[in-house]
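Asks: Let the hints inform the model, and build the full structure from the sequences given.
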Amino acid sequence: MDFSKKKEGRMQTEDMPEKKSSRRDFMKKMSIAAAAGSAGLVVGGCSGTPATEKMGLKWEEYFKKHYRLMTQEEKDATVTRLERLAKLDRGIDVQMSNQGPHEQVLFGYAFNISRCKGYMDCVEACVKENNLDRRGKTQYVRVFEMDPGQLDPTAGDGQYHHEVPVKNKFYMGVQCFHCENAPCIKACPTKATWREPDGIVVIDYDWCIGCRYCLAACPYWGRRFNWGDPEVPKDEINLNQHYLGNRMRMKGVMEKCTFCIQRTRKGKLPACADACPTGSRVFGNLLDPNSEIRFVLANKKVFRFKEDLGTDPKFWYFMD
Amino acid sequence: MTTTSRKGFAAFISDCARWALTGGIAYKLYLAALFGLIGAGIYAYSQQFQYGLRITGMSDIVSWGLYISNFTFFVGVAAAAVMLILPAYILKDKDLHKVVIIGEGVAVGALVMCLLFITVDMGGPLKVWHMIPGIGLFNWPSSILTWDMLVLNGYLALNSLVPLYILYCNYHGRNPVGWKYKPFVFLSIFWAISIHMTTAFLYQGLPARPFWNNPLLGPRFLASAFAAGPAVIMMVLIVIKESTSYPIDTNIFKKLKRIIVASAIINLVMLFSEVFKEFYTFTHHSLSAQYLFFGLEGHNSLVPWIWTAISLNILGTLLFAFDPTKCNPKYLMVAAISLFTGIWIEKGFGLIIPGFVPSPLGEVVDYTPSILEIMITVGILAAGAFVVTMLIKPALVIEMRLREQAGAAGGGE
Ligand code: SF4
Ligand code: SF4
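Chains as they are written, first to last, in this note's numbering: chain A, 1 to 320; chain B, 321 to 733.
Hint data in this document are derived by calculation from the structure and do not stem from the laboratory.
Take the hints with a grain of salt, since some may be wrong.
What the hints assert, rightly or not - Calculated cross-link-like contacts (lysine to aspartate or glutamate; reagent style DMTMM-like; alpha-carbon spacing at most 20 Å):
1) A:Lys251 with A:Asp229
2) A:Lys137 with B:Asp380
3) A:Lys137 with B:Glu683
4) B:Lys412 with B:Glu719
5) B:Lys447 with A:Glu60
6) A:Lys137 with B:Asp686
7) A:Lys167 with A:Asp320
Computed from a predicted structure; not experimentally measured.
Replies: In structure tokens:
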């Protein structure tokens with residue numbers, strides 16, 4: 001699979017936002033001045049109360065820059081601020097990571113349509129792992145029930161609600177396919193969404209302005225918008241979070257599957273692959289010749305959804 | 321009302337403000353009504369700001385609704401001012417030159433509405449600075465949305481500064497100096513086409529949405545705008561003719577009518593061509609069109625709208641094409657309203673919503689705007705009407721005065 005490596009190299013050099021130190025200094029001064037000003041305004045100069053602290057943190061968060069322009073210290077600082085804010089806002093002790101990609105890793109996914117029986121354990125695991133909005137019933141993973149004779153999820157039923165397995169039906173899971181040539185990235189006016197070197201397409205929730213152009217551009221319906229503030233019961237919040245992954249989103253921003261970046265960058269499987277009782281979900285490093293996903297791609301008949309659009313997704317379907 | 325000339329920019333602005341706000345009782349009522357609608361819109365928006373866009377009828381499947389539909393339509397209206405600017409400045413058409421300022425006022429109002437619609441549609445309006453080049457990250461040239469931002473703001477600048485300069489000169493009883501504004505007029509003509517095409521490309525450039533991914537979208541957009549835009553301008557002219565002493569020649573209506581009929585016919589031909597393509601060879605990609613015209617899987621909320629739109633479209637075109645009254649203002653008003661409404665529904669709702677249905681995963685849902693969403697939309701329309709009024713009213717006073725001076729000078733010779 002050295003084609004992916006080649007493209008990988010190209011991807012890293014192009015499209016990286018250039019760093020502008022003057023801009024950075026300017027924004028930094030702005031944020032400090034603003035934080036100081038607001039703190040002064042709220043409690044007449046005496047600092048230290050939680051309300052002032054929150055105000056100050058929020059101001060600094062508001063004026064922070066795009067994640068990809070941050071130095072490692074700045075990334076650490078924002079993560080610390082967000083952890084503190086989670087404590088102040090919700091009273092929870094979050095561990096937020098900003099771990100970067102590993103060298104020589106390109107994630108890929110394969111889905112076995114002859115094994116999946118439609119239990120939807122993957123959906124449930126994803127909802128819990130990624131702190132998905134319970135009120136709006138957000139789901140990154142959808143499973144479509146298919147009749148024989150079709151291979152296109154658009155022909156299936158994504159709303160089925162009955163006991164499985166069912167005779168003469170098969171199932172196709174869909175989610176964000178982490179396209180190499182992703183229309184959503186091209187569309188975003190603020191570069192708030194991009195593809196990481198390990199192939200994960202992520203969103204900086206704090207940078208997204210919520211225009212939803214990426215949602216219109218995605219041919220796989222891979223994106224979800226926060227129409228209101230997402231609601232997750234406090235005791236169900238997953239505290240192991242990643243800045244680009246399952247940290248709490250806010251109203252008005254886009255979100256999507258991140259291949260469970262908070263797990264996979266630590267060498268674990270995504271929650272959906274972990275939860276699947278039938279072993280239909282294969283996840284791994286496309287650059288590792290001994291990985292299971294490489295075995296599937298080399299030995300099974302695989303196909304991808306809407307191949308004609310040239311999006312080059314990193315998600316394959318296969319049959320036993 | 322005093323119209324004696326004072327000097328300087330401050331006097332110009334304060335006089336304009338005074339002329340804009342004074343008027344008879346009907347005018348005061350009209351302004352009060354606008355303020356009421358704007359106030360209701362602001363209230364509704366405060367709700368949206370607090371609770372998020374979930375107070376609208378939009379969903380992850382139909383993720384753009386009333387706001388973006390109206391945005392799209394009013395880009396067309398804004399661009400249509402060029403149909404007056406081109407003959408007035410380039411072809412030196414005397415009649416149209418007298419009303420070109422009104423066209424420009426309508427364009428500015430439409431652009432203000434466009435920018436407001438975009439802003440209320442955003443999930444994070446406080447984060448707009450993220451797309452200001454320099455302090456934010458501007459994804460140019462990759463994202464068509466950044467192009468659209470550039471051309472819309474540029475067009476707004478052109479269409480405000482040129483008339484401002486001309487009025488400022490006229491206010492002081494001078495003739496504007498050609499080389500100081502003519503280049504910008506030329507520029508604004510190309511620019512008008514570009515705001516249109518860029519906005520069409522916003523949709524046309526998405527292979528994910530076969531309903532939009534159609535090379536005819538841009539041109540058809542242009543044709544429908546060149547019918548709807550002059551129709552709006554005609555409505556404004558009729559209101560001015562009926563309610564003020566500002567003289568508006570019947571010739572102007574004749575010329576506008578010609579423009580409208582030509583564009584409306586081209587629009588209908590292209591509509592027909594599109595309908596043919598969608599339904600003669602019925603492919604998977606025609607499902608959106610089927611949803612729009614006939615409904616899909618029992619969902620048919622757009623069907624009555626689109627047929628109303630098409631009927632009004634044809635009716636308006638016919639009324640304009642065969643005018644037995646020879647430009648009776650009341651007759652023209654009916655024709656303009658029917659054509660305008662037809663294109664409004666067709667280019668707004670009828671263009672945006674079906675692009676989302678069925679979803680890329682084949683799911684069909686209906687979209688109905690919420691009351692708050694409608695209130696915000698109406699508030700923005702009222703704000704646009706207010707801007708147009710505030711611009712046109714003083715402009716007319718200044719133009720009248722200039723004409724009286726010219727008339728007096730001519731009589732004295
Ligand atoms: S599936 Fe959609 S959201 Fe995911 S990378 Fe591709 S275009 Fe983007
Ligand atoms: S919604 Fe957010 S991520 Fe999507 S295009 Fe807009 S700014 Fe970019």
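Asks: Could you run down the list of hints and mark each one as holding or not?
Replies: Now for the hints, and whether the structure bears them out:
no.	hint	in the structure
1	A:Lys251 with A:Asp229	holds, 4 Å
2	A:Lys137 with B:Asp380	holds, 11 Å
3	A:Lys137 with B:Glu683	holds, 17 Å
4	B:Lys412 with B:Glu719	holds, 18 Å
5	B:Lys447 with A:Glu60	holds, 14 Å
6	A:Lys137 with B:Asp686	holds, 18 Å
7	A:Lys167 with A:Asp320	holds, 18 Å
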